[in-house]
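Please put together the full structure from these sequences, using the hints given.
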Amino acid sequence: MASAAHKIDDQGNSSTANHPSEAVVVRFAGDSGDGMQLTGGQFTLSSALAGNDFATFPDFPAEIRAPQGTLFGVSAFQINFGSDEIDTAGDAPDVLVAMNPAALKTNVKDLKPGGLIIADSGEFSARNLGKAEYDANPLEDDSLAQWQVIHFNISQLTMDAVKPFGLGNKEALRCKNMWTLGLALWMFDRDRQPIIDWLNGKFAKNKVLADANIAALNAGHAYGETAEIGQPGSVPIPQRHISAADVAPGLYRTITGAEAVAYGLVAGCHLAGVKMFFGGYPITPASAILHYLSNLKHFGVTTFQAEDEIAAIASAIGASYAGQLGVTSSSGPGIALKGEAMGLAAMTELPLVIVNSQRGGPSTGLPTKTEQSDLYQAVYGRNGDTPMPVIAARSPADVFECAIEAVRIATQFMTPVILLTDGYIANAAEPWKVPDTGDFKPFPVSFLESVPEGGFKPYSRDDKLARPWVKPGTPGLLHRIGGIEKEVDTGHINYSPANHQAMTDIRKNKIDGIASYIPEQDVCIGEDHGTLAIVGWGSTFGPIHQAVRRARAKGHDVAHIHVRHIWPLPSNLGDLLKRYDRVLVPEMNTGQFKTVLRDQFLVDAKPLNKVSGQPFRIAEIEAAIEGELA
Amino acid sequence: MNDMTPVAKSSPKDWETDQEVRWCPGCGDYAILKAVQRTMPEIGATPENTVFVSGIGCSSRFPYYMETYGFHTIHGRAPAVATGVKLANPDLDVWIITGDGDALSIGGNHTMHLLRRNLDCQILLFNNEIYGLTKGQYSPTSRIGTRSPSTPFGSVDRPATPCAFALGSGARFVARGFDVNKNLPSVLKAAHAHKGAAFVEIFQNCIVYNADVFASFTEKANADHQLWLENGQPMLFAGGSKGIAMDIDRLTLKVVDVADGDWQGAGVIVHDVTNRAVAHMLVEMPFGAFPMALGVLYDDPRPTFEAAVMEQNAKASEGKVADLQALISRGQNWTVEAKE
Numbered sequence: 017m018a019s020a021a022h023k024i025d026d027q028g029n030s031s032t033a034n035h036p037s038e039a040v041v042v043r044f045a046g047d048s049g050d051g052m053q054l055t056g057g058q059f060t061l062s063s064a065l066a067g068n069d070f071a072t073f074p075d076f077p078a079e080i081r082a083p084q085g086t087l088f089g090v091s092a093f094q095i096n097f098g099s100d101e102i103d104t105a106g107d108a109p110d111v112l113v114a115m116n117p118a119a120l121k122t123n124v125k126d127l128k129p130g131g132l133i134i135a136d137s138g139e140f141s142a143r144n145l146g147k148a149e150y151d152a153n154p155l156e157d158d159s160l161a162q163w164q165v166i167h168f169n170i171s172q173l174t175m176d177a178v179k180p181f182g183l184g185n186k187e188a189l190r191c192k193n194m195w196t197l198g199l200a201l202w203m204f205d206r207d208r209q210p211i212i213d214w215l216n217g218k219f220a221k222n223k224v225l226a227d228a229n230i231a232a233l234n235a236g237h238a239y240g241e242t243a244e245i246g247q248p249g250s251v252p253i254p255q256r257h258i259s260a261a262d263v264a265p266g267l268y269r270t271i272t273g274a275e276a277v278a279y280g281l282v283a284g285c286h287l288a289g290v291k292m293f294f295g296g297y298p299i300t301p302a303s304a305i306l307h308y309l310s311n312l313k314h315f316g317v318t319t320f321q322a323e324d325e326i327a328a329i330a331s332a333i334g335a336s337y338a339g340q341l342g343v344t345s346s347s348g349p350g351i352a353l354k355g356e357a358m359g360l361a362a363m364t365e366l367p368l369v370i371v372n373s374q375r376g377g378p379s380t381g382l383p384t385k386t387e388q389s390d391l392y393q394a395v396y397g398r399n400g401d402t403p404m405p406v407i408a409a410r411s412p413a414d415v416f417e418c419a420i421e422a423v424r425i426a427t428q429f430m431t432p433v434i435l436l437t438d439g440y441i442a443n444a445a446e447p448w449k450v451p452d453t454g455d456f457k458p459f460p461v462s463f464l465e466s467v468p469e470g471g472f473k474p475y476s477r478d479d480k481l482a483r484p485w486v487k488p489g490t491p492g493l494l495h496r497i498g499g500i501e502k503e504v505d506t507g508h509i510n511y512s513p514a515n516h517q518a519m520t521d522i523r524k525n526k527i528d529g530i531a532s533y534i535p536e537q538d539v540c541i542g543e544d545h546g547t548l549a550i551v552g553w554g555s556t557f558g559p560i561h562q563a564v565r566r567a568r569a570k571g572h573d574v575a576h577i578h579v580r581h582i583w584p585l586p587s588n589l590g591d592l593l594k595r596y597d598r599v600l601v602p603e604m605n606t607g608q609f610k611t612v613l614r615d616q617f618l619v620d621a622k623p624l625n626k627v628s629g630q631p632f633r634i635a636e637i638e639a640a641i642e643g644e645l646a
Numbered sequence: 588m589n590d591m592t593p594v595a596k597s598s599p600k601d602w603e604t605d606q607e608v609r610w611c612p613g614c615g616d617y618a619i620l621k622a623v624q625r626t627m628p629e630i631g632a633t634p635e636n637t638v639f640v641s642g643i644g645c646s647s648r649f650p651y652y653m654e655t656y657g658f659h660t661i662h663g664r665a666p667a668v669a670t671g672v673k674l675a676n677p678d679l680d681v682w683i684i685t686g687d688g689d690a691l692s693i694g695g696n697h698t699m700h701l702l703r704r705n706l707d708c709q710i711l712l713f714n715n716e717i718y719g720l721t722k723g724q725y726s727p728t729s730r731i732g733t734r735s736p737s738t739p740f741g742s743v744d745r746p747a748t749p750c751a752f753a754l755g756s757g758a759r760f761v762a763r764g765f766d767v768n769k770n771l772p773s774v775l776k777a778a779h780a781h782k783g784a785a786f787v788e789i790f791q792n793c794i795v796y797n798a799d800v801f802a803s804f805t806e807k808a809n810a811d812h813q814l815w816l817e818n819g820q821p822m823l824f825a826g827g828s829k830g831i832a833m834d835i836d837r838l839t840l841k842v843v844d845v846a847d848g849d850w851q852g853a854g855v856i857v858h859d860v861t862n863r864a865v866a867h868m869l870v871e872m873p874f875g876a877f878p879m880a881l882g883v884l885y886d887d888p889r890p891t892f893e894a895a896v897m898e899q900n901a902k903a904s905e906g907k908v909a910d911l912q913a914l915i916s917r918g919q920n921w922t923v924e925a926k927e
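Protein chains in written order, with this note's numbering: chain A, 17 to 646; chain C, 588 to 927.
Treat the hints with care, since some could be wrong.
What the hints assert, rightly or not - Pair by pair, the computed Cβ-Cβ distance ranges are:
{"no.": "1", "chain 1": "C", "residue 1": "ALA595", "chain 2": "A", "residue 2": "SER466", "range": "17 to 23 Å"}
{"no.": "2", "chain 1": "C", "residue 1": "SER598", "chain 2": "A", "residue 2": "PRO513", "range": "34 to 40 Å"}
{"no.": "3", "chain 1": "A", "residue 1": "SER532", "chain 2": "C", "residue 2": "ALA903", "range": "36 to 42 Å"}
{"no.": "4", "chain 1": "C", "residue 1": "SER692", "chain 2": "A", "residue 2": "LEU267", "range": "53 to 59 Å"}
{"no.": "5", "chain 1": "C", "residue 1": "GLU871", "chain 2": "A", "residue 2": "PHE88", "range": "46 to 52 Å"}
Said to hold, decoys possible - Subject to a maximum C-alpha distance of 20 Å in a straight line, what follows is the list of computed SDA-like cross-link-like pairs (lysine to any residue):
{"no.": "6", "chain 1": "A", "residue 1": "LYS449", "chain 2": "C", "residue 2": "ASP910"}
{"no.": "7", "chain 1": "C", "residue 1": "LYS926", "chain 2": "A", "residue 2": "LEU65"}
{"no.": "8", "chain 1": "A", "residue 1": "LYS473", "chain 2": "C", "residue 2": "ASP605"}
{"no.": "9", "chain 1": "A", "residue 1": "LYS313", "chain 2": "C", "residue 2": "ASP605"}
Don't read these hints as lab results, they were simulated from the structure.
Just so you know, even glycine gets a beta-carbon here, dropped at the ideal spot from N, CA and C.
Given below as structure tokens:
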């Protein structure tokens with residue numbers, strides 16, 4: 017995690033702030049068959065090895081194989097890397113690599129004025145220009161005048177480079193992305209060897225393909241070199257070295273949110289001393305969690321691809337009843353289907369973790385785009401008074417800890433817990449300082465195994481108001497549970513007015529009481545009082561963090577408060593917010609957390625909303641801060 | 588489960604809870620409850636290793652009345668919850684109690700997939716051809732023309748045949764019985780003995796909303812319309828005066844008269860519980876022209892779902908160490924050295 021790797025003083029300044037800090041944003045864009053995600057992934061590895069901090073964001077089409085060359089078939093990968101703390105994938109690219117006209121058309125408007133375009137002119141045929149709805153070739157007129165444009169026939173150069181290997185046309189052209197990567201490595205003064213090693217590993221069974229790809233990589237790199245020294249007919253390409261970021265020593269790795277969810281859940285179950293049962297149903301962008309966990313059977317994980325979202329959660333509830341930790345995961349539409357079963361888990365007071373990788377809604381909405389619009393659904397979205405703890409992760413690396421926290425609360429309080437991530441967190445990768453798992457405090461569960469003094473009551477309570485967890489198979493503790501209102505202590509069916517009042521109160525008090533077992537709300541940057549607090553949750557952390565840093569550097573009195581525990585809220589949050597003159601809540605929805613804060617604390621929280629399917633830009637939040645303080 | 592000490596055989600009474608049974612007086616559910624409580628000692632079940640899982644509906648109150656572990660879940664989802672229970676602990680003996688609405692309407696999808704996967708459990712579907720708990724609307728098994736609060740002019744949609752649905756879903760055990768019949772415990776016993784998903788349709792009389800809808804074969808006077816199937820025995824009914832034979836020309840079943848006990852001469856089929864094709868024909872026999880096929884219609888076990896999952900889990904774990912630190916450290920990683 018970027019912020020964990022950096023020391024930030026209480027003024028919000030990074031320890032490297034005295035040095036001229038540098039960061040570059042590069043976006044690779046091409047046809048979905050061009051291998052841009054692979055290119056981006058390897059460039060990310062190279063950035064990590066160069067010691068840069070970074071954040072990435074893949075942006076790919078919803079269609080699996082969109083027709084070649086079309087505008088909706090463009091796949092892009094953006095990386096922001098630098099010598100200082102990086103929290104976002106970057107506002108606007110400095111460099112756009114466009115592998116065809118459609119990639120240029122859909123991405124060029126995001127490029128910084130004066131930014132660099134590298135285009136494969138070999139793909140700018142009349143046919144491809146037509147598919148991208150260009151009337152004229154933009155490489156040949158002045159429509160790109162506000163940017164620097166370098167174009168050459170990458171396709172032909174790749175073909176030439178791989179010619180000795182005797183590949184077919186199609187296979188040869190597939191090496192284009194490695195040629196491009198080679199050029200990018202040269203542009204940022206990177207070592208090629210790790211990529212060569214990776215290619216040799218990837219194509220271990222096909223030496224020719226490995227060699228061809230390596231030749232393409234080397235050719236791209238050489239092209240940069242020779243272009244620099246001004247070979248006749250070549251265009252000089254700028255080269256830049258971004259120095260290593262000042263990060264804490266230790267072992268790092270890249271991690272995506274989906275991986276972090278899987279690992280965090282496994283770690284949580286390890287700390288709780290229970291096996292995990294994962295019931296899932298494929299849905300974008302949550303499926304990757306099911307995929308990762310399916311490979312972790314040796315950690316005591318059973319995965320079950322159910323027939324639908326409802327069966328996925330219902331089976332998880334059954335597993336929790338039988339003594340494993342049930343986990344289910346989905347995105348908004350699937351979570352909607354799970355609603356009734358979530359109520360069953362609340363009524364039967366069984367531990368359960370429900371992960372929601374949020375995407376744009378309503379309905380099917382924007383499956384591959386990110387949004388934070390399921391907060392109401394998480395906090396309020398069930399029939400009856402069904403309170404449920406909600407935890408929101410802020411970044412891919414942060415998910416790991418949040419997942420452990422979700423397991424802790426679920427098992428310690430015998431309750432379903434919702435863990436919110438989103439499409440951005442699920443797919444984005446960032447460097448993560450691998451924690452020492454020995455540093456996490458275990459929270460072992462204890463199953464009730466014999467009749468306690470005074471007799472066994474399935475709905476008796478401990479000091480946290482949690483009921484005992486009893487595994488079927490335990491002699492002497494036979495009991496029946498279900499979705500009908502339970503009698504206090506005995507758990508028998510009971511419809512009486514006084515009992516329903518009592519049980520509703522108990523369920524509410526139990527969840528409210530969790531506030532005493534979570535950390536108090538802290539302030540990320542700035543003072544614990546003042547003119548303006550920017551309050552965020554989830555993946556808006558990065559842009560808010562950077563925007564507040566920049567505003568503070570300009571002397572503005574602004575603080576950043578990031579809330580992880582959405583429900584129950586930290587007990588000091590209301591008092592904290594009241595110590596600021598103004599509260600602004602940036603969210604990728606129409607103002608859901610803002611409404612919760614206003615409701616809970618009667619604070620005049622103002623919204624800053626964005627629902628374009630794209631994360632906030634730092635500049636957008638910075639402008640809002642300036643606006644508030646003007 | 589591996590306790591070798593002989594346990595004193597339980598009595599049906601040991602399987603009753605202290606909860607007051609709250610079905611309508613005269614409901615067929617009482618008889619089914621008694622039959623199940625009579626069956627438990629017979630099969631050597633132990634209360635702590637037995638779990639009853641139900642959905643929603645009159646029948647789904649069942650777990651509250653069984654002195655075992657029990658989970659009264661939500662409408663239609665009992666098979667899914669049971670799947671989680673069994674995968675988490677395959678040693679448990681899982682019984683699913685459901686009804687025609689619960690199993691075939693709101694929960695049809697889960698019923699189908701549980702059968703297809705072949706989870707080792709018993710599914711008792713109480714079929715009363717009506718929604719009882721919601722006060723009498725027609726159900727997916729109601730016959731065309733059923734008048735109900737939601738179909739005052741009679742229902743127009745074709746009913747589902749539960750046993751045909753089960754076979755079509757890949758069930759490896761299909762049986763039928765009815766609430767007040769003395770054979771019901773033996774049908775339940777056979778279901779329990781089958782390793783895998785055992786589907787039992789139990790015709791159940793709803794005396795309030797759909798009374799006597801099965802009287803045409805359940806009444807004593809109509810016993811001649813019951814075809815009780817037994818493995819290795821000829822398919823005879825009506826006191827042996829009639830039998831089921833194969834109409835070779837049309838590849839269907841037909842009813843034949845049996846004179847003087849000469850069923851061979853009449854071409855009556857000997858029931859083979861492993862014959863899937865005949866099972867399909869038996870469940871589809873139109874009642875009236877044919878008797879109602881009862882007992883074990885089909886029983887041909889296959890490996891179970893939970894066994895396959897456990898086997899794969901074990902195989903995938905072979906020789907691997909659950910090293911959490913190694914897990915989170917692998918992948919694209921690099922080390923940042925401490926500065927001098």
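Now for the hints, and whether the structure bears them out:
1. C:ALA595 <-> A:SER466: 17 to 23 Å: holds, 21 Å
2. C:SER598 <-> A:PRO513: 34 to 40 Å: The hinted range 34 to 40 Å holds for SER598 of chain C and PRO513 of chain A, with Cβ atoms some 39 Å apart.
3. A:SER532 <-> C:ALA903: 36 to 42 Å: holds, 41 Å
4. C:SER692 <-> A:LEU267: 53 to 59 Å: Because 55 Å falls inside the window, the suggested range holds.
5. C:GLU871 <-> A:PHE88: 46 to 52 Å: holds, 49 Å
6. A:LYS449 <-> C:ASP910: Status holds; Cα separation ~18 Å.
7. C:LYS926 <-> A:LEU65: At roughly 16 Å apart (the allowed maximum being 20 Å), LEU65 of chain A and LYS926 of chain C satisfy the hint.
8. A:LYS473 <-> C:ASP605: With a Cα-Cα distance of about 14 Å, the restraint between LYS473 of chain A and ASP605 of chain C holds, given a limit of 20 Å.
9. A:LYS313 <-> C:ASP605: The hint is violated at about 42 Å.
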